[in-house]
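Undergrad: Given only the sequences and the hints, what does the whole structure look like? Please build it.
Top to bottom, those sequences are chains X and U. Using my numbering, you'd call the opening residue of the first sequence number 1 and step up by one each time. Using my numbering, you'd call the opening residue of the second sequence number 386 and step up by one each time.
Derived by calculation from the structure, the hints in this document are not laboratory data. This one's a predicted model, so the numbers in the text were calculated from it and none came from an experiment. Here a beta-carbon is modelled for each residue, glycine too, at the ideal position from N, C-alpha and C. Watch out, some of these pointers could steer you wrong.
As the list claims (entries may be wrong) - Mimicking DSS-like on lysine-lysine, the simulated pairs with C-alpha atoms at most 27 Å apart in a straight line are:
#1 U:583 with X:267
#2 U:575 with X:108
#3 U:387 with U:581
#4 U:575 with U:485
Stated by the list, open to error - Here are the in silico distance ranges between beta carbons for each label pair:
#5 X:279 with U:548: 33 to 41 Å
#6 X:279 with U:620: 21 to 29 Å
#7 U:466 with X:43: 26 to 34 Å
#8 X:203 with U:581: 39 to 47 Å
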Amino acid sequence: MDFSPDEDHDLIAEGVRAVCGDFGDGYWSDLDQRHEFPWEFYARLADGGWVGIAVPEEYGGGGRGIAEAAVVLRTIAASGAAMNGCSAVHLTIFGLNPVVVFGNDRLKETFLPRAATGDLHVAFGVTEANAGTDTSQISTRAVRDGDGWRIRGQKIWTSKALESEVVLLLVRTGEADSGLDGLSLFLADLDPDHVDIRPIPKVARNAVASCEVFYDDLPVEGWRLVGEEGQGFRHILHGLNPERILLASEAIGIGEVALERAVTYAKDRNVFGRPIGMNQAISHPLAKARIELHAAWLAAQEAAWRYDHGLSCGEQANSAKYLAAEASFMAADVALQTHGGMGFATEYHVERYWREARIQRTVPVSQEMTLNFVAQKVMGLPRSY
Amino acid sequence: MKVVVCVKQIPDPADPGELDPDSKTLRRDVKLILDESDSYGVEMALQLVDTAGEGEVHLVSMVPNNEVSGLRTALAMGAAGASLISDECLAGSDALGTAKVLAKAIAAQEPDLVLTATESSDGYTGTVPVQIAELLGLPSVTFAKEIEIDGSTAKVKRQTEAGYDDVECPLPAVVSVTAGVVEPRYPSFKGIMAAKNKPVEELTVEALGIDAGEVGWAGSRQDIVEITAAPVREAGEIIEDEGDAHERIVAFLDELKVL
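TA: Shown next as structure tokens:
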């Protein structure tokens, strides 16, 4: 076991931190309030090659793994960009993993070089109103049309659909009752002639919209099928563990920035003639939050290391995401409490961290379903549903 | 075209600096970073080589230990290589001692142009660039805001209090670059990773043919006699508006004789 600092990871964090330093809390708060996508931030990260860090080198990317992508996203979140910053780049950083692993040559050659430069914006269309946790109920359908397909149906909570050119879309190609075996994965164009996108008003991360997306006989050429017909769910699964690791890293970054703000405030804010951080009722929750964030980061790194070394990592990725979501939200909540009434004021930004830290307890999978996974798949307990 | 840029690695100004009570100078046994004021020279050099369509940027730096993290930042920006004079005897060097060492290392590179900052962010003497030029017998142009290379001539817009002067000088020359005149690029991911493998030639003072007694504390002609904390800024006066605030502000400004 080797816990010595990883020089590359330190350099990556330093490089990303330098870029993020030009985009302070004011930038994010403003975009969040105006519901505007952080185009300038995205362009700067893309120019530096950070968005393409995990795209294979043969397609012009950085050729690094989930461990490095995790460092990038944690650093972005910890800069104060939080989920607004991470979600802007997350799917281009790793959303195309199923294409890398299962895609045909034409798909890879067409899209991966553009993902490497950050030129390609990607959305992820899996969830439906009646198929959230239970993916087997997906009803959006692709039917054959000559050499290609036509897709009809609707998805919900498709993040970044407004800005994206393509969507990685999980749809049914088998019979209606074919369950998980009848699903296929496409990298489809979000063609406005056949796709209607409506943002959902929501509580947090408002610089990046999440949308209802309606597909009205969207034509998709045959070569845009990712992997094998009917194997879409298995192809998506390959990307789920990395996604949990990356989201865990984002959550940890939010917790860290919230904690940093709270510690500064606890040192500076004087009540009864002394800094409030002198009170253990303030300092102990802050210390606990730091300990929990550290533990979650170790878990995330272990999961990332296992994935990058080709080892199974389902338990580790789910554990990391669970720990990170709890640690992040508790850190943000403690930060809010430390700020007293000022915590609710937008200008202190902890309210924004608090709202965005809450996301991870629900997304991409609820904490309850994460525990179900560990109970059933790891510990062999009987399924209750 | 070969451009040499002098860069200094300094303690991170974002971290509270600590004074060494014995030497009365900043402690340097911490992680050193690229002095921001040097990043403008590096950027200017990269742009000039880019415009020329050929050549390279080479860095020259000196430290009493073998610290390279600041150099790596400049290499990640795009410099091709570096010469690092790393020698314990350099600790305590004054401006002239620094210039002697840098000048020797620069001469070995046979550059077409030498760029420096106008001054370092931790020492602020602002005398090293002209001393280097004198030691090398080269023309010196200071406070450049723009540089254009025209054959064997450098055309420089030299910033002044009133505006700028147009100055021309033959190459090679030593030109100090004013902070803020270009936007230093951020190192990219590939730039950072490539920098790890770029050549950094470590040299000792002896290897440059300089007597150790000429540099560091031994050769320094300056003596730091005393260091005192800067006076604490006094709190300003808060004027509560009771209907006459404007009159009181006018009276205050009048007293300062600024009206």
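Undergrad: Decide, hint by hint, whether the structure agrees.
TA: The hints, checked one at a time:
no.	hint	result
1	U:583 with X:267	43 Å, violated
2	U:575 with X:108	21 Å, holds
3	U:387 with U:581	21 Å, holds
4	U:575 with U:485	35 Å, violated
5	X:279 with U:548: 33 to 41 Å	57 Å, violated
6	X:279 with U:620: 21 to 29 Å	27 Å, holds
7	U:466 with X:43: 26 to 34 Å	30 Å, holds
8	X:203 with U:581: 39 to 47 Å	43 Å, holds
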